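Asker: Sequence:
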Amino acid sequence: MTRTYIYFTTVLTVLLLSAGSCRKSFLDLAPYTEVPANKTIRTVSDLQTALNGCYAQLASSNLFGRSLPLIGDLASDNVYMSTRNSGKYLAFDQNLITSNNTEYKGIWYDGYSAILRANNVINANLSPDQSVRQIKGEAFALRGLMYFTLVKTFARPYTYDPEMPGVPLVLTYDPTSTPPRNSIREVYGQIMADLDSAAQMIVADNGSARFSKSAVLGISAKVSLYRADYKMALALSQEIIDAEEYKLLSRTDFISYWASSKPHTPGNKQETLFEVSSDELSNAGPDELAYMYQQAGYGDLLAAKSLLKLYSKTDIRAELVIAGKREAAENPAFIVNKYTFLSGDLDDKKVIRLSEIYLIASESAFRLHQEQKALFYLNKLIKERDPGQQYSSYGLALLEDILLERRKELAFEGDRFYDLNRLQSVIQKKDGQFKGDIPFGHPFRIGPIPEAEINENPGMVQNEGY
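Read in the UniProt record's numbering, the sequence shown has 91 at position 91, and its numbers run on one by one without any break.
Since the hints were derived computationally from the structure, they do not count as laboratory data.
Among the hints, a few may not be true.
[Stated by the list, open to error] List time: in silico DSSO-like cross-link candidates among lysine-lysine, alpha-carbon distance up to 30 Å: (1) 269 - 305; (2) 430 - 309; (3) 262 - 430; (4) 408 - 269; (5) 88 - 247.
[Claimed, not checked] Per label pair, the in silico range of CB-to-CB distance: (6) 424 - 462: 16 to 24 Å; (7) 387 - 296: 31 to 39 Å; (8) 400 - 127: 47 to 55 Å; (9) 129 - 266: 17 to 25 Å; (10) 161 - 286: 50 to 58 Å; (11) 245 - 173: 30 to 38 Å; (12) 129 - 392: 51 to 59 Å; (13) 130 - 42: 16 to 24 Å; (14) 314 - 424: 31 to 39 Å; (15) 452 - 90: 16 to 24 Å; (16) 442 - 400: 18 to 26 Å; (17) 425 - 90: 22 to 30 Å.
All of these numbers come straight from a predicted model, not from anything done at the bench.
Glycine is no exception: its CB is placed at the ideal position from the N, C-alpha and C atoms.
Please model the complete structure; the sequences and the hints are all you need to start from.
Answerer: Okay, here's the thing in C-alpha cells:
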C-alpha cells in the first residue's frame, strides 16, 4: 500500500511499507482519479479527471474524511476520549501537541496535495469554453477552501493579528521553490480572490458533493465572518437566504437528513450547500469518521455531558446523541449518532449548510448593530429545531445566545475549536479524564508546522511554542 505526502516545497515523498522512501516531483503523483503524470492536460476530459482528483483528496482521512471534523470537536469542549480507546488522536484529548504530531502533519501534507492538484487544473492551458470555466471555477473554490482550512489550523485568527505568519501561498508549480509563510492577511486575500473567481465561473449545479455558485457564496460568507468583515458576511448570507434555493430542515426531517448517506441532487435540495462525499467505492474504510463515534467501530469519542445540558427536552438536535454505555468503560456514555454508516455508502461530511448561513447572518447583523435582524435570523432557525424556544434577548446577551446556538447546531461537525479561536475564548474542558482550561494564548491553540517541512524549507518558520 502506498501512502503519499507532499512537502510544501512541491517535493513528493512516497513512503512504501515494504521499502524506504524516495522523492519525486509533484508531477509524478498519479492516483487513479488524476491524469497520469506522463501526460499533460490536453482535453476537457483530462481536466475533469484532474478535478475529480481534487475532490477525492478532500475525502482523505487526514482532511474532511476524519481529522478535520474530529479535531474541531475533540480539541475543544464538545467531545472527549473514552478511557477505553484505540489510541488515535489522544494528543487532542490530553492537550499534548508536539512538533511532529501525526494528525497535523497529515492535514498539512494532504491539504497542500489538494492545493497542488487544484493548481494543475487552474493552470491548464485549454481554450476557456464554458465547460473549462466550470471545471476551473470548481478548482478555484477547492483551493480557496483548502487555504481557509490550513490558515485557521496553522495560524492565529485574523481577528488577533492579520500580520502574523499564515501559511505559504503556492499558486504555480515550481519544484525548486522554498517559499516563506505569507501573512494571515495575504492568505485571506488569496482565499477571497479564489472564491470570487469561482463565483464568476461556476454556472452548473451538479449536486451538493460538487461546488455550486451558492456553495461558493456560503464558504465566502464564512470566510468573511472569520476575518470580521461582517458587512460582507451579512450580504452574502442574505443573498443565499433570499434566493430561497435551499430550505431549512424542518423538525420532522432533521433526523432522517442525518441518517441519509446520499449527497443531494439539484432537483432534491435540502439545506446542504456543500459536502465531501464518501461512497461505496471511494472511502477511507475504517479510517472514516463514523468509526470514531460508533460503538461497532472504535467508538472512542463520546459527547460531553456539559454540551448535552445545553439542549432542552424539546430540542430535536438532542436526539442525535444516544444515552448508552461503553463496554468496560463509561456507563452511562453519550454516543454521537450524526455519523452512522460503517459500510457501503458511507457518511458524507457537511462543509457548509443553510443553518450555518442563518447563524452567520445573525451574528454579522448583531455585530453591525442590527439586533432585530439578528433576532429574526436566529429565531427563524430555532423555530425548526426547538419550537418551545424563541429568543428576545438584546445586547451582549443576544450575542451569547447566537454563539450558543451556533455551538448546538454545528456540534460534531468540526467547527467548535476554530470558533473558540476566532472568538479568542478560553476552551473549558469539563468532561473526560483531562479537564481544565486552555487559554487563547496557549501554543497548542494552533497546529505546528511539521518538522520535516521546517528541515526541508529554510524559509519556513515554526509557530511559537513548538
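Asker: Per the hint of 17 to 25 Å, is the separation of the Cβ atoms of residue 129 and residue 266 within bounds?
Answerer: Holds - the Cβ-Cβ distance for residue 129 and residue 266, about 21 Å, lies within 17 to 25 Å.
Asker: Per the hint of 31 to 39 Å, is the separation of the Cβ atoms of residue 387 and residue 296 within bounds?
Answerer: With Cβ atoms ~33 Å apart, the hint holds.
Asker: Please verify whether residue 88 and residue 247 have alpha carbons no more than 30 Å apart.
Answerer: It is violated: about 37 Å lies between the C-alpha atoms, which goes past 30 Å.
Asker: Is the Cα-Cα distance between residue 269 and residue 305 30 Å or less?
Answerer: Distance ~33 Å between residue 269 and residue 305 Cα, so the pair is violated.
Asker: Is the gap between the beta carbons of residue 400 and residue 127 within 47 to 55 Å?
Answerer: At roughly 54 Å between Cβ atoms, residue 127 and residue 400 fall inside 47 to 55 Å, so the hint holds.
Asker: Quickly compare the C-alpha distance for residue 430 and residue 309 to 30 Å and report which way the hint goes.
Answerer: Given that 30 Å is the threshold and the Cα spacing comes to 12 Å, the pair holds.
Asker: For a C-alpha distance cap of 30 Å, please report whether residue 262 and residue 430 respect it.
Answerer: 35 Å, violated
Asker: Using the Cβ atoms, figure out if residue 314 sits within 31 to 39 Å of residue 424.
Answerer: Holds, since residue 314 and residue 424 (Cβ atoms, about 33 Å apart) stay within the stated range.
Asker: Confirm or reject the claim that residue 442 and residue 400 have a C-beta distance inside 18 to 26 Å.
Answerer: At roughly 23 Å between Cβ atoms, residue 400 and residue 442 fall inside 18 to 26 Å, so the hint holds.
Asker: Cβ-Cβ distance between residue 130 and residue 42: within 16 to 24 Å?
Answerer: 18 Å, holds
Asker: Take a look at whether the Cβ-Cβ distance between residue 245 and residue 173 falls inside 30 to 38 Å.
Answerer: 36 Å, holds
Asker: Against the range 51 to 59 Å, how does the distance between the Cβ atoms of residue 129 and residue 392 compare: consistent or not?
Answerer: Hint holds: Cβ distance 54 Å, inside 51 to 59 Å.
Against the hints set out earlier in the document, violations occur for numbers 1, 3, 5 and 10.
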